[in-house]
Amino acid sequence: DTGVSQNPRHKITKRGQNVTFRCDPISEHNRLYWYRQTLGQGPEFLTYFQNEAQLEKSRLLSDRFSAERPKGSFSTLEIQRTEQGDSAMYLCASSLVTDTQYFGPGTRLTVL
Amino acid sequence: RKEVEQDPGPFNVPEGATVAFNCTYSNSASQSFFWYRQDCRKEPKLLMSVYSSGNEDGRFTAQLNRASQYISLLIRDSKLSDSATYLCVVNGPTNAGNMLTFGGGTRLMVKP
Numbered sequence: 001d002t003g004v005s006q007n008p009r010h011k012i013t014k015r016g017q018n019v020t021f022r023c024d025p026i027s028e029h030n031r032l033y034w035y036r037q038t039l040g041q042g043p044e045f046l047t048y049f050q051n052e053a054q055l056e057k058s059r060l061l062s063d064r065f066s067a068e069r070p071k072g073s074f075s076t077l078e079i080q081r082t083e084q085g086d087s088a089m090y091l092c093a094s095s096l097v098t099d100t101q102y103f104g105p106g107t108r109l110t111v112l
Numbered sequence: 001r002k003e004v005e006q007d008p009g010p011f012n013v014p015e016g017a018t019v020a021f022n023c024t025y026s027n028s029a030s031q032s033f034f035w036y037r038q039d040c041r042k043e044p045k046l047l048m049s050v051y052s053s054g055n056e057d058g059r060f061t062a063q064l065n066r067a068s069q070y071i072s073l074l075i076r077d078s079k080l081s082d083s084a085t086y087l088c089v090v091n092g093p094t095n096a097g098n099m100l101t102f103g104g105g106t107r108l109m110v111k112p
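Those protein sequence lines, which keep their order, are chains S and U. Counting from 1, one number per residue, gives the positions in the first sequence under my numbering. Counting from 1, one number per residue, gives the positions in the second sequence under my numbering.
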C-alpha cells in the first residue's frame, strides 16, 4: 500500500511533555499538509510544505508547534509542553500541486 | 461565523431513501469545492469534486451555486454503507497552497 502513513497511530502523554508525530506522504507528492481534528468538528488546517519549504502556517499553530520536512519527503510535527487542549486527531495529507489531497489515518493524541 | 457551515444532523433515513445535504461558505474567492466522506475514527476520503455545472457520480449528485455560495450533495437510493459523516470542503481562504477549509460535517445514518 503506497498511501499516506502516519506514526504513531495513538499517543497518550502527560501535560507538559513533548511529542513528535511522523508522516510519510505518497511518494512523488511534493505537497504535504498537516490538519487537526477535534471531536465533532471538521479538520482544521495547520501548515503545509511544498517539497522542503514550509509555505503557510495557520494562526492555530502556536509557538509550541513546529513542523519540518527536511528532505522534502517525510514530515514531523512536534508539540512542546503539551496542554490538554492539544488532544485531537492530527491528520497528514499529501498531494501533487493543485491535485486531490489524500489523507493518512491520523495520530490520535490524548493529553492527560 | 464559520467559513464553511453545515447542518451537523444526524440525518436518519431508511435504506433506499433520497437524502440531501447543504453547505454554505463565506469566502467568495474560493475556487474549488469538494465533498469528502469520513467514517467513524477514520481519515477523510474524497467523495467527489463539485463543479459549477453540477456533476453526478452514480447515486451521488453535487451542485454549486456561486452566487448564493451554496453547495449541495444528493444521495439517491441510500445504502447502509453510506452511513458516514459528509464533509463540505472548499479551498482557501487564501487559495494559497490548495489549503482546504472543512465544514463541521453532516452525519448520515442509513437504517434497514
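The set of hints was computed from the structure by calculation and includes no laboratory data. Source: prediction; values computed, not measured. You may find that some hints are simply not true.
Once the Cα atoms are required to be at most 25 Å apart in a straight line, the calculated BS3-like pairs of lysine-lysine come out as [said to hold, decoys possible]: (1) U:Lys45 to U:Lys2; (2) S:Lys57 to S:Lys11; (3) U:Lys2 to U:Lys79; (4) S:Lys71 to S:Lys57; (5) U:Lys79 to U:Lys111; (6) U:Lys45 to U:Lys79; (7) U:Lys79 to S:Lys57; (8) U:Lys2 to S:Lys11; (9) U:Lys111 to S:Lys57; (10) S:Lys11 to U:Lys79; (11) U:Lys2 to U:Lys42; (12) U:Lys111 to U:Lys45.
What the simulated footprint calls covered on chain U by chain S, stretch by stretch (three residues with Cβ under 8 Å from a Cβ of chain S suffice, anywhere in the stretch; the number is not a length) [what the hints assert, rightly or not]: (13) 36-47; (14) 102-110.
Beta carbons: idealized from backbone N, C-alpha and C, even for Gly.
How the hints compare with the structure:
The hinted pair formed by Lys45 (chain U) and Lys2 (chain U) meets the criterion: a straight-line CA distance of about 22 Å does not exceed 25 Å. Between the alpha carbons of Lys57 (chain S) and Lys11 (chain S) the distance comes to roughly 23 Å, so the proposed pair stays at or under 25 Å and holds. Between the alpha carbons of Lys2 (chain U) and Lys79 (chain U) the distance comes to roughly 31 Å, so the proposed pair goes past 25 Å and is violated. Between Lys71 (chain S) and Lys57 (chain S) the CA atoms are separated by roughly 19 Å; this keeps the pair inside 25 Å, and the hint holds.
Between the alpha carbons of Lys79 (chain U) and Lys111 (chain U) the distance comes to roughly 8 Å, so the proposed pair stays at or under 25 Å and holds. For the hint linking Lys45 (chain U) to Lys79 (chain U), the alpha-carbon distance of about 18 Å falls within 25 Å, and the restraint holds. Among the hinted pairs, Lys79 (chain U) with Lys57 (chain S) is inconsistent with the structure: their alpha-carbon atoms are about 39 Å apart, more than 25 Å. Taking the CA atoms of Lys2 (chain U) and Lys11 (chain S), the gap is near 30 Å; set against the 25 Å cutoff, the hint is violated.
Taking the CA atoms of Lys111 (chain U) and Lys57 (chain S), the gap is about 41 Å. The hint is violated against a cut of 25 Å. Restraint check for Lys11 (chain S) and Lys79 (chain U): not satisfied, since their Cα atoms lie roughly 35 Å apart, outside the 25 Å limit. With a C-alpha separation of about 24 Å, the suggested pair Lys2 (chain U) and Lys42 (chain U) falls inside the 25 Å cut-off, and the hint holds. This hinted pair checks out: Lys111 (chain U) and Lys45 (chain U) have alpha carbons roughly 22 Å apart, not beyond 25 Å.
For the segment 36-47 of chain U, the assignment as covered by chain S holds, since 5 residues bring a beta-carbon within under 8 Å of that chain's beta-carbons and 3 suffice. Counting residues of the segment 102-110 of chain U whose CB lies closer than 8 Å to any CB of chain S gives 4, which reaches the minimum of 3, so the coverage claim holds.
Going through the hint list in order, the structure does not satisfy hints 3, 7, 8, 9, 10.
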